[in-house]
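Engineer: Sequence:
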Amino acid sequence: MDMEIDQQFQNGAETMETLSVDENASNEKIKDAIKAQETPEFYSDAQKYWDNIPATNDGMLGGFAHISKLDVGGSDTFLKLIFKMKNPPGHSRAVDCGAGIGRITKHLLSRHFGKVDIVEQCQNFVDQAKEALKGHKKVGEFYCQGLQDFNPPSDTYDVVWSQWVLGHLTDSHLEDFFRRMGAALKPNGVIVVKENVSSSGEVELDEEDSSVTRPEKLLLQIMDQAGLRVLKNTKQNKMPNGLYEVRMICLRPKSADSSNGTTV
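Residues in the sequence shown are numbered consecutively from 23, following this note's numbering.
Treat the hints loosely; a few may be bogus.
Derived PhoX-like pairs: lysine-lysine, alpha-carbon spacing no greater than 20 Å straight-line [stated by the list, open to error]:
#1 Lys239 <-> Lys137
#2 Lys260 <-> Lys102
#3 Lys102 <-> Lys160
#4 Lys239 <-> Lys102
#5 Lys128 <-> Lys160
#6 Lys128 <-> Lys102
#7 Lys156 <-> Lys102
#8 Lys91 <-> Lys257
#9 Lys128 <-> Lys108
#10 Lys106 <-> Lys216
#11 Lys254 <-> Lys102
#12 Lys160 <-> Lys257
#13 Lys239 <-> Lys254
Distance ranges between label pairs, derived from CB positions [what the hints assert, rightly or not]:
#14 Asp177 <-> Gln69: 27 to 35 Å
#15 Asp149 <-> Ser66: 38 to 46 Å
#16 Glu63 <-> Cys166: 20 to 28 Å
#17 Lys156 <-> Gln69: 21 to 29 Å
#18 Lys91 <-> Cys166: 38 to 46 Å
#19 Glu267 <-> Asp177: 17 to 25 Å
#20 Arg201 <-> Pro237: 31 to 39 Å
Derived from the structure by calculation, the hints contain no laboratory data. Think of the CB as a built atom: it goes at the ideal place given N, C-alpha and C, for glycine as much as any other residue.
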């Protein structure tokens, strides 16, 4: 009996020690993610990483080019639901933020909008997008700059689309980005965010490409702080096992609701 108690005590102590180690490791990861965003290298390291990535669908999707059709299909369904809302956005002009080589512009946005602008900070991706979309009548302007610097005029876009890119912005720059994009919307315009979210409830740092993956709760908090209201929030289904959960979120400035009586 005493030996059993001793063994149970020992096992309990080992479990507590393991939990303590895991908790400390988790706290260190959070600190690393926060610290990384506070350094200039957070942006310059990301630039260096993407400058060395092939300007292909496989390069854009981290070796998962085979999910492109699934991804676009889910986004198309989500966008069609947005157009069925009360007071839906128009179909005149959209912007593809963090567009890479123009995959989303070509296969999704150009099917729904009269003009689509492209924002991408890597010049080699912009060059490839121009080549791939050459002669496409629905492609508008190309902006070679980071989203932290993108500041379009007010009343410009029906839809601002950003996908798998916002982890490259610091929390403060992300909030500022949302505010600027909200101001750039036409009446009834919306912001659509398609992003990975962490399941750990913590901010997770990817040191290889210098980005963070935020938990959904934090992402929604930053959106709220930026004066945005969530109209729709759904999960991208059928993604391969082992990948982050992907959320599709449709947003509209809270001020738009009060100024024109918008409801969903």
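Engineer: Take the hints in turn and mark each one as holding or not.
Structural biologist: Status of the hints after comparison with the structure:
With a C-alpha separation of about 33 Å, the suggested pair lysine 239 and lysine 137 falls outside the 20 Å cut-off, and the hint is violated. Distance hint between lysine 260 and lysine 102 is fulfilled; the C-alpha atoms sit about 19 Å from each other, no more than 20 Å. Using a Cα cut-off of 20 Å, the hinted pair lysine 102 and lysine 160 holds, with the two alpha carbons roughly 19 Å apart. Restraint check: the Cα-Cα separation between lysine 239 and lysine 102 comes to about 26 Å, which exceeds 20 Å; the hinted pair is violated.
Of the supplied pair hints, the one linking lysine 128 and lysine 160 holds, its CA atoms being roughly 9 Å apart against a limit of 20 Å. The straight-line distance between the Cα atoms of lysine 128 and lysine 102 is roughly 17 Å, inside the 20 Å bound, and the hint therefore holds. A distance of roughly 27 Å separates the Cα atoms of lysine 156 and lysine 102; the hinted pair therefore is violated under the 20 Å criterion. For the proposed pair lysine 91 and lysine 257, the alpha carbon gap of about 16 Å is at most 20 Å, so the pair holds.
Only pairs whose Cα atoms come within 20 Å are accepted, and lysine 128 paired with lysine 108 is rejected, the gap being roughly 27 Å. A threshold of 20 Å between alpha carbons decides the hint, and for lysine 106 with lysine 216 the separation of about 19 Å falls inside it, so the pair holds. Our distance criterion of 20 Å between C-alpha atoms is met by lysine 254 and lysine 102, whose separation comes to about 12 Å. For the hint linking lysine 160 to lysine 257, the alpha-carbon distance of about 29 Å lies beyond 20 Å, and the restraint is violated.
Taking the CA atoms of lysine 239 and lysine 254, the gap is near 15 Å; set against the 20 Å cutoff, the hint holds. With their beta carbons about 31 Å apart, aspartate 177 and glutamine 69 fall inside the hinted range of 27 to 35 Å. Between aspartate 149 and serine 66 the CB atoms are about 21 Å apart, so this pair departs from the stated range of 38 to 46 Å. Separated by about 21 Å at the C-beta atoms, glutamate 63 and cysteine 166 satisfy the suggested range of 20 to 28 Å.
Here the CB-CB span from lysine 156 to glutamine 69 is close to 26 Å, well matched to the stated 21 to 29 Å. Separated by about 28 Å at the C-beta atoms, lysine 91 and cysteine 166 break the suggested range of 38 to 46 Å. At roughly 34 Å, the beta carbons of glutamate 267 and aspartate 177 sit outside the given window of 17 to 25 Å. About 22 Å separates the C-beta atoms of arginine 201 and proline 237, a value inconsistent with the hinted range of 31 to 39 Å.
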